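Asks: Put the two chains together into one complex, using the hints given.
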Amino acid sequence: MPSLLFCGPKMAACGIVISIWGVIMLAMLGIFFSAKSAVLIEDVPFTEEDIRKDTNPPQNIYSLYNQVGINCFIAAGIYVAVGAVSLCQVRLNKRQEYMVT
Amino acid sequence: MCSLLRGEEMCLAQLFLQSGSAYDCINELGELGLVEFRDLNPGVNAFQRKHVNEIKKCEEMERILEVKKADISLPEGDVNPVAPLPKHVMAIMEQLQRLEVELGEVTRNKEKLQRNLLELTEYTHMLRTTRNFVQRTSEVSVFISGLIQRTKIEAFERMLWRVCKGYTILSYAEVEEYLEDPDTGEPTKSVVFLISYWGDQIGQKVKKICDCYHCHLYPYPSSNEERTDVVEGLRTRIQDLHTVLHRTDDYLKQVLMKASESVYTWVIQVKKMKAIYFILNLCSFDVTNKCLIAEVWCPVNDIPTLRRALEEGSRKSGATVPSFVNRIPTNDTPPTLIRTNKFTSGFQNIVDAYGVGNYREVNPAPFTIITFPFLFAVMFGDLGHGVIMALFALWMVLYENNRKLKNTRNEIWNTFFEGRYIILMMGLFSIYTGLIYNDCFSKSLNIFGSGWSVKAMFEAKVWKDADIRGNRVLTLDPNVTGVFRGPYPLGIDPIWNLASNRLTFLNSYKMKMSVILGVIHMSFGVILSTYNYLHFRKKHSLYLVFLPELLFLLCLFGYLVFMIFYKWLVFTAKDSRLAPSILIHFINMFLMQAPTLHRLGMYRVRFDFADEFLHQAIHTIEYCLGCVSNTASYLRLWALSLAHAQLSEVLWTMVMRVGLRMDTSLGVFFLVPVFGLFAVLTVSILLVMEGLSAFLHALRLHWVEFQNKFYSGTGVKFCPFSFSLLPSSFEHDGLL
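Heads up: the sequence lines are chains A and B, in that order. FYI, the numbering for the first sequence is 624 to 724, going by the working numbering. FYI, the numbering for the second sequence is 9 to 744, going by the working numbering.
So here's chain B without its partners, still in its complex pose (with noise of 0.2 Å):
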C-alpha cells in the first residue's frame, strides 16, 4: 500500500541461468514483466556480442514482413503468440522466404502483361489514325510508323527536315485520348505518325532519329486487307490480356490474404524472439561456462514470483539442473518503480513529466490527484462548462474498452484519451465551483433565494419613485433595516450578476482566496518534506531546514492569510468605512523588517565553512524571495478565473442574447443557428482553450510551487523487460 505514496522497495539480484534452459526462463520473464536486465557487458559493441547472428536473422525476417505488412488487414481479437524455439526459426524464416519470391514473382509478371497490354492498345491507336492518311504508294518508297509524344512532335518534324531534306515525307495526327506511358505510367497525349521514304541511307538516317526522340515504332501494314487482318488480331489478343490480368490479380489476391492469416503472428514473434537475444547479450558467462549470470533489478515483493518464472522456464525447457535467484546488496540506488491502476496512472504521468522521483522519495501524485482538480477548477469555475466536461469525460470513461477508441493513431486525441480520469475529475471539481462561484454560462442561479431586498429600500424610505426614473445606477445599502437578510446559503449571491460593481467585489474575494489556497498548499509542501527527512534519517535537516522554512513561510504569509480572516470575521457592513486595508498593513510590516536582512548578512560571513553552508545559504535565499514571488504566483488563480468568467459573459452577450432579444415574429428561427453557433464556440474557446489553458497553469503551480518545497525528481523509472511494452511496428506505422 505504501506503494502510491513512496514506491516499491527494490533489490538487486543475480539470476543464475543454466545455457540450456536460459532462453526459456527470458521467455518466461518477458511474458510476466517483472524485472530490469542490468547491462554487464557494457565495454562490448553491438558486433561483438554473443548473439549478433540470431539478432541479424530476426532482422532479416523483420524486413520480408515489413514490406507485406501494408497489403494485409488485421486479425479480430487480441492474439498474443508466444516466442518460437530456436529450432523452429528456420522453418519460419523458410516460409517466409517462399512467400517473398512468390510475390516477386507475380508482380514481376503482372508488370509485364501490363506494358503489353500497353503496347498492343497503342498499336491499335496508330492503325487506326493512319487509316485516314492519304498515301502515295510507290514501288520505291518504306513506310515507317509509330506513336511519339506530342511535346517532341514539332522538333521532331524539324530535325527530320534539316536531317533529310525533302526525301521523306511525314504525316501526323493526334489521338485524342490519354494513353498510358508503358514506362513512367502516366496519362500522355501523343501523337501517331507515318514516314514515307526512300533510299537506304535516308532509311538508316530516320531509324536513328526515331531512336533519338524515344519513339515507338510499329510495323506498318502495306495493304488494306493486312490492315483489317492486323487490327483483328490485335482485337483478340488484347481481350485476352485482360483476361489474364485479371486472374493474375485475383491470384495475387489470394495469395496475399492466406500470408495475412500468418504474418501478424510471424512479426509479434520475430519480434519477441529479438528482444529475447538481446537480453542474452546483457548477460555474462561465469567460471565454468556453463551457466549463465544476469544482474537484475526486481522490487523485493516480487522475487517468490520471480522465482516460480525461473522453475518454470528451467521445467519447459526440460533441463536437469534448475535456474535460481539470488539476492546481492549494493550501493547502487535502485530505479524507482510505483505502481498505479487505470485511475492513478494518468496524474502519476503528469508527476513524472516533471520528474521521475528519487528512489523511495515521498511521490506527490497520490494528493494530486484531489489538488489538480481543485486547483483546475477555482481557475474555470462555471456550472455549465464543467457539467459538459465531465459528460465528455464520463462517455469517454464508460467506451474505455472499446477498440476503436483506445487504438485509433490521432496523437491529440490518444492524449485526451489517456487522461480521461483527469478530465472526469476536473469536470466534478468544476462543478462544485461553478456552485460557489455561482455561475452557469454566465448567468447565475437563484437556488435559495437572494440574502438581499430591494423593496426594503423603499419602506425604509431611503428611495423614491423620482429616484428610479433620475438615476442610471442606485447603489443598496446594507445598513439599512432588510434589505441584507442574511449571506447566501452556499456560494455568491445570484443579485451580484446584476450589479454593476460585480468585479470590485468579485475580485477582492478571488484574490484573497487564491492567496489562502497558496499559503495553504504551499505549507502543505513544506510539512510533506518532513516525511523524506524522517524516511532518509536526516533528523537534523528536521531542524535546522523544516522548522525555519515553516516559520518563515507561515509567520510572514500565514499572518496574512490570518489578517484576511480576521478582516472577513471583525468587521461588518456597519463599520466597513474604518476597515484597514490588508495590503497597506503588509507592506509597511515589510519596511520595518531590518533585522532579518542582518540575519542573512551573518549567514554570508561564515560561508567558507563547508560547501554543506554555501549550499544553504543559496537554499535560505531562494527559499525566502522564492515564498514572495510563489505566493504573488498562486493569484494566477484569481487572474485566470477572473478571464473565464468574462469570456462567458461576452459570448453569452454577443451571441446568445441577439438572438434571444429577436421580437420580429419570424426572429424564432434565428435563435436555432445562434444556438448552435453559441454551442460550437462555447465548446472551442471556453473548454478546449480555456481548459487547456487552466490546466497548464494548474500543472505549472504543482510543478513549480508545490513540488519546489519537497521534490528533487531526479530519479531513474524502472523499464521491466516486458513482452507488452515492446512497441508493435504495426502500432507505428498506425495500422493498430
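If we strip away everything but chain A, and leave its shape as in the complex, we get (with noise of 0.2 Å):
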C-alpha cells in the first residue's frame, strides 16, 4: 500500500494550528450570526432589494443572517476534517521517524 504521508512534520503542525484556530473562530463567527449580531452586518449579502421589498421586515435580513451562520458552522465542520488528517499526518510522521533512526 502506498505510504499515506504527503507532506512533513511541520506542514502538519500548521495544519493542526490552522484547523484549531478555523474551528474555534468559525463557530464562533456561526454563533454571533445566528445571534443577529449589528457589528456583522456588513459581512452579510444583503441588497438593497432585501431591505425595500422586505413583506415583513426584518426577517429577510435574519434569514440572510442564519445563512451565513450555517455557512460558518459547516466550514468549521470542514475544518474538523481537516485537522483530523493533519493529525494522523503528525502521527505517520512520529512513526516514520522511530523507524528511520
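Worth double-checking, as some hints may not be accurate.
Below, simulated PhoX-like cross-link-like pairs (lysine-lysine); rule was C-alpha separation at most 25 Å, straight line [what the hints assert, rightly or not]:
| no. | chain 1 | residue 1 | chain 2 | residue 2 |
| --- | --- | --- | --- | --- |
| 1 | A | K676 | B | K463 |
| 2 | B | K463 | A | K659 |
| 3 | B | K414 | A | K717 |
| 4 | B | K412 | B | K65 |
| 5 | A | K717 | B | K412 |
| 6 | A | K633 | B | K412 |
| 7 | B | K324 | B | K279 |
| 8 | B | K472 | A | K676 |
| 9 | B | K414 | A | K633 |
Not the full set, but computed from the structure, chain A residues with beta-carbon under 7 Å of chain B [said to hold, decoys possible]:
| no. | residue |
| --- | --- |
| 10 | I641 |
| 11 | V662 |
| 12 | D666 |
| 13 | P668 |
| 14 | N694 |
| 15 | I697 |
| 16 | G700 |
Quick partial rundown of chain A residues pointing at chain B, CB under 10 Å, derived from the structure [unchecked claim]:
| no. | residue |
| --- | --- |
| 17 | I693 |
| 18 | A698 |
| 19 | I701 |
| 20 | V705 |
| 21 | V708 |
| 22 | C711 |
Keep in mind that the hints were calculated from the coordinates and are not lab data. Please read all numbers here as calculations on a predicted model, not as lab measurements. The C-beta atom is built at its ideal place from N, Cα and C for all residues, glycine as well.
Replies: So, in C-alpha cells, the structure goes:
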C-alpha cells in the first residue's frame, strides 16, 4: 500500500494549528451570526432590494444572517476534518522518525 | 534583593594561590563561575606568557578533534567532564594522535582501492567496445588501446594524422555509460580508441601524443582467447575489490563510532584546560616566587563561597599550605553585576542592549517588566491577536525544557525563544488593551450592551421612516433623551464599530491618551533620577537639577494633561459646542512665553565660570527641547495603534468578507480556503510585521524618552570566569 504520508512534520503542525483556530473562530462566528449581531451587518450579503421589498421586516435580513451562520458552521465542520487529517499526518511522521533511527 | 534595582556590591580581592594547587583552585572557580580575573601582566604579549607551551599543546589537540567532529554523533543527556590534571594530558594527546594516524591510513587505503576499481572498470569497457572493431592483423603492426575524454578525441585524431601522416590507423567508439574519472571523481564521457601502427619511431611519437592528451592506456590482447581470459580475470578482480571496499567502509565506521564516544568528552576537557592555562597566564608571581597572585572582581556576598572554593581546590591538590583570599580597597569602578532569573533576563537584555548600567546605578529593568509590554500593547491593541500571541508564547514557555527547542541553530528562532517571557507579557497586556479598545480581529464585542439607542431617536420624533430612506448617513444626537444611556462599563462602546465618524472620535481619544501616558512615563523617569542622586550623595543635584526638571515638565506638560482631564470631566454633551480646543490654548500659552527665553540668556552669560556650568547649560537646553520633542514622540502610540486597527480592518474587509458574502450554494466551500488565507495573512502581517514594529517603537520609547531622564548606561558588564560560558565549538558548528 503506498505511503499515506504526504506532508512533512512542519506542514502537518501548521495544519493542526490552523484547523484548531479555524474551528474555534468559525464556530464563534457562526454563533454570532445566529445571534444576529449588529456589528457583522456588513458581512451579510444583503442588497437594497432585500430591505425595500421586505414584506415582514426584518425577516429577510434575519434569514440571510442564519444562512451565513450555517455556512460558518459547515466550514468549521470541514476544518474539523482537515484537523483530523493533519493529526494523522503528525502521527505518521512521528512513526517514520522512530523507524528510520 | 536590591540586586535587580541597583546591581550587586562588588569588591576587588587578591587570591594567593600556592603553585601546586593553583590549577585545581582555578578549576574550582571555573566550575562555579564566581569571579572575573584581571590581567596582571598587561604588557606581556601572548607568546611571552608563562604557560604558552601548554596552550600550544591544547590547540594542537583541538585541531585534531576539529577534523573528527563532523563524522560523529552527540551523546544523550548533559555530559560535564572535569578538566584533566596536567599528568593526564599526555595520555589524551597520545590517544588523539593514534586515532588520527589510524584514520588517515584507512582513508588513504580506501582511496587507493577505489582508484584501482575505476581503472579496472575502464579496462573492461575498453575490451568490450574494441571487440567490434575490424582489425587488420598483420605481423608488423602494433596495437595501442586506451580511453580518452570525449572532449579531446577530435584534437587527438587531428594531431595523430598531422604527426604520423598515415602510418597509423585510429578507430574509436564512445562508451555509453558515464565513467568516474579516477583523478577527479566526476562522471565523464569517455571514448575508447585503438591505434595500429608500424615502425618504432612512429610508436614513440604515438606514445608521446597519448601522454600529452592524458589517455589511459591498457594492454591490447592479441587474440580472442587472450581477450576472453583477460575479461574473466578482470571480472573476478572487480568483484574482489568491491568486497574489500565494503569491508573497509565498515571498519572505518567502527573506528569512528568508538572514537565518537570519547571525542565529545575530550573536546570539553581540552577546552577547560586551555581556559585554565589562559587564566594562569593572567596571574603574577609574588616576591618569593612560590605563590601565585590573582586579582579578581568578586561580589561581596560571594566572598564566603570563594573561600570555600579555594579550600576545596587546595584539598584536592593535596597541598599543605592552603590558598586564601584577601579583600583590597580600590578606586577603580567595578563592573556591574545584576542577578537575573529566566523571567527577568529577557528584560535585562533589552536594557543592556542600549548600555550596561554604571556601577550601582538605578536599573530600569524591573520597571521595564511592566511598562514595556504595556506600551507595546497600547500600540498593538487587539484582543484576538493578543490571544494568539499569548498562546504562542505560552507554548514556548511550557516546552522550554525541550532539547530540540532549546538547541536549534536557527538564529531568528533563538531570538524569539530567548524572549518568550517578554512575548507572553506582551500578549497578555494586548488582551487587556484589546478589551479597552474593544477590537477583536477588527470587530467589536458587545458584552455589556451598548450605551447608545437608535430607537430613542424615533421615539423622540427626531427621525421618521422617510429620513432613513432619504439619507445615506444620519447622526445620533446624545442630547435627545434616551439616546445616550450612560458610558459603556469597560472600554469603547461597540456602536462605534458601525459609525462612519469612528476615526474622528478614536483619534482624539488616542492622541490624548498618548500624551497622558508619555508625560507620566517621563515624570517617572525624572523621579527615578532622585534615587541616583541620593545614592551617589549628590544632594545638591536634587535641588539644582531634579527640582527644575520636574517643575519644567509638570508646569508645561503636566498642565496639558490637567487640561485634558478637565475638558473630559467638565464639558458634557450639552455644552460640547462651547468646549475650547486644548491645542490652541496650549500654543497661545507658548506664544506669551518671553520671560522664559530671557532666563536662558542669563545662563549663557555665566558659562565661562566653569566647565560644570557649560555642561549644565547644555543639559538644560537639551532637556527643555527634549521635553517638547519627547512628548510629541509619544504620539507614536496613537499612530501605531491606528495603523494596526486599519490594517486589521482592511484584512477583514478584503479577505474574510469575500468568503462570508458568498451566497451561492457551493459558496460555503469557498469559505474554507478564504479562512486559511486570512489566518496566514493575520499571522504574517498583523502578528509578525506589526508586532515587530510595535516592539521596536516601544523599545525606542524606553531607550530614548524614558532612559535619557536618569540612565547613563556607560558601565561594564561583569563577565565571570566560568566553564559554562565558554562557547562550545559544537555550538559554533551548529551541531549542538
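Asks: If a hint holds in the structure, say so; if it does not, say that too.
Replies: Do the hints match the structure? See the list:
1. K676/A <-> K463/B: It holds: about 22 Å lies between the C-alpha atoms, which stays within 25 Å.
2. K463/B <-> K659/A: holds, 17 Å
3. K414/B <-> K717/A: holds, 20 Å
4. K412/B <-> K65/B: This hinted pair is violated, its Cα atoms lying about 35 Å apart.
5. K717/A <-> K412/B: Given that 25 Å is the threshold and the Cα spacing comes to 14 Å, the pair holds.
6. K633/A <-> K412/B: holds, 14 Å
7. K324/B <-> K279/B: Within the cut-off at roughly 21 Å; holds.
8. K472/B <-> K676/A: Distance of about 19 Å is within 25 Å: holds.
9. K414/B <-> K633/A: Between K414/B and K633/A the Cα gap is close to 17 Å, so the pair holds against 25 Å.
10. I641: holds, 5 Å
11. V662: Since the shortest Cβ distance to chain B is 5 Å, the answer is holds.
12. D666: holds, 4 Å
13. P668: holds, 4 Å
14. N694: This interface hint holds because 4 Å falls under the 7 Å limit.
15. I697: Where the cut-off is 7 Å and the nearest Cβ of chain B is about 5 Å from I697/A, the hint holds.
16. G700: violated, 10 Å
17. I693: holds, 8 Å
18. A698: Hint holds; A698/A Cβ to chain B Cβ min 4 Å, cut 10 Å.
19. I701: holds, 5 Å
20. V705: holds, 8 Å
21. V708: Hint on V708/A: violated, closest Cβ of chain B at ~13 Å, above 10 Å.
22. C711: At about 18 Å, which exceeds the 10 Å cut-off, the nearest Cβ of chain B leaves the hint on C711/A violated.
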